[in-house]
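Novice: First to last, the protein sequences are chains A and B. 1 is the number of the first residue of the first sequence in my numbering; add one for each residue after it. 1001 is the number of the first residue of the second sequence in my numbering; add one for each residue after it.
Derived from the structure by calculation, the hints contain no laboratory data. Quick caveat: nothing in here was measured; it's all calculated off a predicted structure. Watch out, some of these pointers could steer you wrong.
Chain B residues, not near chain A, derived (Cβ > 12 Å throughout) [claimed, not checked]:
1. GLY1024
2. GLU1075
3. VAL1101
4. ASP1159
Now the in silico label distances, taken between C-beta atoms and shown as ranges [as the list claims (entries may be wrong)]:
5. ILE25/A to LYS1187/B: 26 to 34 Å
6. ASP159/A to THR1126/B: 45 to 53 Å
7. GLU1075/B to LEU210/A: 32 to 40 Å
We put the CB at the ideal spot given by N, CA and C, even for glycine.
These are the residues of each chain, in order.
Number of protein chains: 2
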Amino acid sequence: MVVKVYGPLCASTKRVLLVLIEKGIEFETVNVDVSKGEHRQPEFLKLQPFGVVPVIQDGDYTLYESRAIMRYYAEKYNSQGVDLLGKTIEERGMVEQWLEVEAQNFHSHAYNLAIHILFAPIFGITPDPKVIEESEAKLDRVLTIYEERLSQSKYLAGDFFSLADMSHIPFIDYIVNNTGKKHLINKRKHVSGWWDDISNRASWKKVLELYRAPI
Amino acid sequence: MVVKVYGPLCASTKRVLLVLIEKGIEFETVNVDVSKGEHRQPEFLKLQPFGVVPVIQDGDYTLYESRAIMRYYAEKYNSQGVDLLGKTIEERGMVEQWLEVEAQNFHSHAYNLAIHILFAPIFGITPDPKVIEESEAKLDRVLTIYEERLSQSKYLAGDFFSLADMSHIPFIDYIVNNTGKKHLINKRKHVSGWWDDISNRASWKKVLELYRAPI
């Protein structure tokens, strides 16, 4: 059964694509043009009532929320492809901790920078310089903690690549390559080394090759 | 080894306490007075560099982020006490989906209501009527989707109680009992039935008996 992935051009969906590629799971994609509001159409809301991508359909199983889908495939295909959850319950705990840090401490600031610098024209939003300034300052503080963490271990959850690292890739890519804020990464020795490592994975190169957003 | 839980009076920590009690895991608590800024003191930042509760220490294993700790204990003691993750990988996927919905769609609005209505005086914040109005409107829309979901299944992830339901309890308790917004729950047949069910669990009664916040 080929997994159907909705909204491949969106950053959050790219988290899911990374897992599918790392695990060698066959998939096909269905475009959802959020600039045209297709994520708010009745047909899409039947799949995802909150009106956001991604959603996957795998036979008659439908699942949404990018980090939930990542966990689902990492667990379902635990012994296939790259291990993304750690080998012990304690390692999995650290993966979960840093996945939550990404979701709770990193994401909203990175998202604000992407929306207000990069996507404002596309979505007809007026960029707010105060939001940009505050988000950059908050992200800077978060990345100071990442620098300390990554001076102790090669990856966020320990000395193994995991969902926790992977979950950061799509939005750090915007920060480094599309928002003029790459100094946030580059000025930090361990964070920039980590970014060089994870952004050079074949899976991310394939995602960009196939599903680069039209920006 | 007795689990040490930091910050038991805070709502997010109560997610962790619920799991420990449901699983019958022995624990002790360490107060962290956030109204006095104890979560920003160097000693605490060594445990949790982002300066938020909860944190647990379990022997020499330290873990933070409430939903990560919930998953860790639910998995580690999978066959002890109440099953909180579902019985299959597909059920676990639905638990993860609704845990993410709680974190991404529900929490920030419920948190804003609690902060601006309930905790503003304690933390010296000026309540913002616009934030309160917008948060209530957004929460109302989210709960409309919950009502639809709970008309199809007894609990969020399916016909079984799970971490996804549990994760909502501390903040819905504020909404119903401390913010004057209980109509958001009570006007909905299935959401209010669900709330009656999950808030009457012995675990939640014990949490309130032992660690009710001084508000």
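Novice: The structure should be examined with respect to each hint, and the outcome stated for every one.
Specialist: Results of checking the hints against the structure:
| no. | hint | verdict |
| --- | --- | --- |
| 1 | GLY1024 | 18 Å, holds |
| 2 | GLU1075 | 6 Å, violated |
| 3 | VAL1101 | 6 Å, violated |
| 4 | ASP1159 | 16 Å, holds |
| 5 | ILE25/A to LYS1187/B: 26 to 34 Å | 43 Å, violated |
| 6 | ASP159/A to THR1126/B: 45 to 53 Å | 46 Å, holds |
| 7 | GLU1075/B to LEU210/A: 32 to 40 Å | 34 Å, holds |
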